[in-house]
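Chains U and W, in that order, are what the protein sequence lines are. Counting along the first sequence from 1, when you hit position 24 you're at 9 in our numbering, and nothing is skipped either side. Counting along the second sequence from 1, when you hit position 196 you're at 199 in our numbering, and nothing is skipped either side.
FYI, nobody ran anything at the bench for these hints, they're computed from the structure. The beta carbon of each residue, even a glycine, is placed where N, CA and C say it ideally should be. Some clues are possibly wrong.
To be verified - Below, a list of computed lysine to any residue pairs in the SDA-like style, where the Cα atoms sit at most 25 Å apart: (1) 360/W to 17/U; (2) 22/U to 367/W; (3) 281/W to -5/U; (4) 367/W to 13/U; (5) 9/U to 132/W; (6) 80/U to 293/W; (7) 132/W to -5/U; (8) 138/W to -5/U.
Claimed, not checked - Heads up, incomplete: computed chain W residues facing chain U, CB under 8 Å, no partners named: (9) 29; (10) 287; (11) 290; (12) 359; (13) 376; (14) 380.
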Amino acid sequence: MNLEFQIEGGNFSRAGHASSEIKKMLKQLGVDSRCIKNIVIAMYEAEVNVVAHAFEGLIQVHIESDKITTVISDKGPGIADVDLAMQEGYSTASKKVREMGFGAGMGLPNIKKNTDELTIESTVNKGTTVKMVNHF
Amino acid sequence: MVTAKTYHALTVDEKKCIGCIHCMKACPTEAIRVVGGLAEISKERCVDCGHCMRACPAKAIYVEQDDLKISQTFKYRVALFPAVMIGQFPEKYTENQIYAALLKIGFTHAFEVEQPIGILKDSMKQYCKTSPNNKPHISSFCPAIVRLIQIRYPSLTENLIQRKSPHDLGAHFAINELKKQGAKEDEIGLFYITPCNAKISSVKSPVGEKESIADGIINMNDLYNRVMQVINDKEAEDTSHLRENLSRDGILWSLTRGESIHFGERSMAIDGIHNVIKFLERLENEEVPEIDFLELRACDQSCAGGILMTGNRFLTVTRLERRAKRYPQAWKLKDSEAIKGSKEIKQKLIADKITPKPAFSLDKDRVRALEKMNRAQRIICFLPGVDCGACGAPNCQALAEDMVNGKAKMSDCVFLQQMWEDEGKISTTKAFRNVEKKWGEKRFQADCNKRGKRNEGF
Ligand SMILES: Nc1ncnc2c1ncn2[C@@H]1O[C@H](COP(=O)(O)OP(=O)(O)OP(=O)(O)O)[C@@H](O)[C@H]1O
Ligand code: SF4
Ligand code: SF4
Ligand SMILES: [Mg+2]
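With these hints in hand, go ahead and build the complete structure from the sequences.
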């Protein structure tokens, strides 16, 4: 099963749409609710990162009977130092984004915590690709 | 799919059901299908919210009801009712007059269940304090919400507060009080007067408990009519001793913010099941700020909007708010004789853990479920996507899912049928028969009384 969702940079009101859709499907597959929770949290954080930090993005989801693979790729500023960005509390979020309740620098660490495999590839001034795998 | 052993009080009257799709469209859990021209409710998916009943233009969905006559077999016949009931009566009737009418129709005692509410409140607070991990704590007051969480948000069952409802509180308290007056337990008949079908289901098949505490359940609309037949606005006997332990907090408990107001700053109240669903979706994704306590109610304006309530819910709320002002706050009663002697009730209000009962999986076997999902996804491509409901399913997606589960056929879609007819793949007669099978022959007979619900204010 393959699914795709577009992400619009800057549009916080739409964020969460993809993760909600995926959640519905995982429930239909009878995936354990704790596992669903992890996936949805990771996906939402990754989605919000595109909304908050990049221009536009695409979520590609591939569901198999034993795992889900999510690739979130965006066009945007990219991340210069991924290891630094992964640290709790590190954030470059603008004042505007912070005022909306985001930008605590907890997104990437949270994704790490909630996925079984995580790889981040990024090119400055081009974009970022986050790939995450969760086993059911 | 495992059939949940839950009791549902809603029934579709086959004689009255016109097989329209109002209920099916209104159901928040997609529990209804129209089959053979009649609405069918799935037991696994129904959460007893009553929205279908509200939406039915033919009044074909009704709430089952115990026979009120059984009340004569007990020496002590107690009417247990939520305080919200008082709010539906015209303001010209006093509390004494309403109580007098209840006694006149055959009860020996009348107790409002929210007394003494302080015991329940303390018990809930104690739970919150001793299980700090499952935040936000979600009140298990509204049975429709509890079931909704069980079937649709299984991961949140852990957040439900393991405490019983005011009707359990009221029942134990009433038994205590009557025993003090010399009654034996088997002489006491408790009759719970319910504002909704959800409470019926929860009294008859309590979640996380073995036995029902009430001996009978009476629908509030039915009782309202009986009371109105015998009530009079003449001087009535003073029954205020029956309300000695009723407090402001108790009267407001079943209204919106009635509970949450006692649980600190980081508490929230949401009423209306569709609002609740939107919020739970977010909560499940952890897309909400830190909250300690959530009061969630299936009805708009909470129990004042219960499906078995009579009158306008806003007027009910107003009357109750006015009434509440005349009563003391709960803490002022905490040293009363009755409450001091009822400490052990607190223990009885502890409920068992509530288990998840997920009702949305396509197949028990994950590989098969995935296959089905793939197939449903392909079927969707051929369906019109207008969610017309003429197939008997609430939307195209639901039809596709029914198809892969062998509960529906491609030909149930009227759009596909039209197309196949046009392409010469199916005869007009066959197509017509298909629709007739789905909707019954009557759908095609001329009948000037047969029409759907007009929009309100049309
Ligand atoms: N898709 C992205 N494009 C560009 N930069 C990103 C992207 N995702 C993360 N970053 C960078 O990594 C930093 C840390 O990300 P992280 O998600 O941990 O925190 P945040 O988004 O700033 O705040 P929070 O997620 O707590 O709201 C961000 O501030 C940003 O500089
Ligand atoms: S009571 Fe609510 S959940 Fe049950 S069938 Fe009716 S609308 Fe659906
Ligand atoms: S809000 Fe009250 S009346 Fe409505 S379903 Fe829940 S308990 Fe019943
Ligand atoms: Mg982030």
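For the hint on residue 287/W, just tell me whether its beta-carbon gets within less than 8 Å of chain U.
-> holds, 7 Å
Would you mind confirming whether the straight-line C-alpha gap from residue 281/W to residue -5/U stays at or under 25 Å?
-> Holds, at roughly 22 Å.
Has the given pair, residue 80/U with residue 293/W, been kept, meaning a C-alpha gap of at most 25 Å?
-> holds, 22 Å
Can we keep the residue 29/W interface hint, with Cβ of chain U closer than 8 Å?
-> violated, 20 Å
Distance restraint between residue 9/U and residue 132/W, which requires alpha-carbon spacing of 25 Å or less = Since the Cα atoms of residue 9/U and residue 132/W sit roughly 33 Å apart, the hinted pair is violated (cutoff 25 Å).
Are the Cα positions of residue 360/W and residue 17/U separated by 25 Å at most?
-> Status holds; Cα separation ~12 Å.
Given the hint that residue 138/W pairs with residue -5/U, test it: the Cα-Cα distance must not exceed 25 Å.
-> violated, 31 Å
Can the hint on residue 290/W be confirmed by a CB-to-CB distance to chain U that is less than 8 Å?
-> holds, 6 Å
Does the structure keep residue 132/W and residue -5/U at a Cα separation of 25 Å or less?
-> violated, 40 Å
Per-residue hint verdict: residue 376/W, partner chain U, C-beta under 8 Å = holds, 6 Å
Does residue 359/W pass the interface hint, meaning its C-beta sits closer than 8 Å to a C-beta of chain U?
-> holds, 7 Å
If you take the shortest Cβ to Cβ gap from residue 380/W to chain U, is it below 8 Å?
-> Check passed: Cβ of residue 380/W comes within 7 Å of chain U, closer than 8 Å.
The structure does not agree with the numbered hints 5, 7, 8 and 9 stated previously, though it agrees with the rest.
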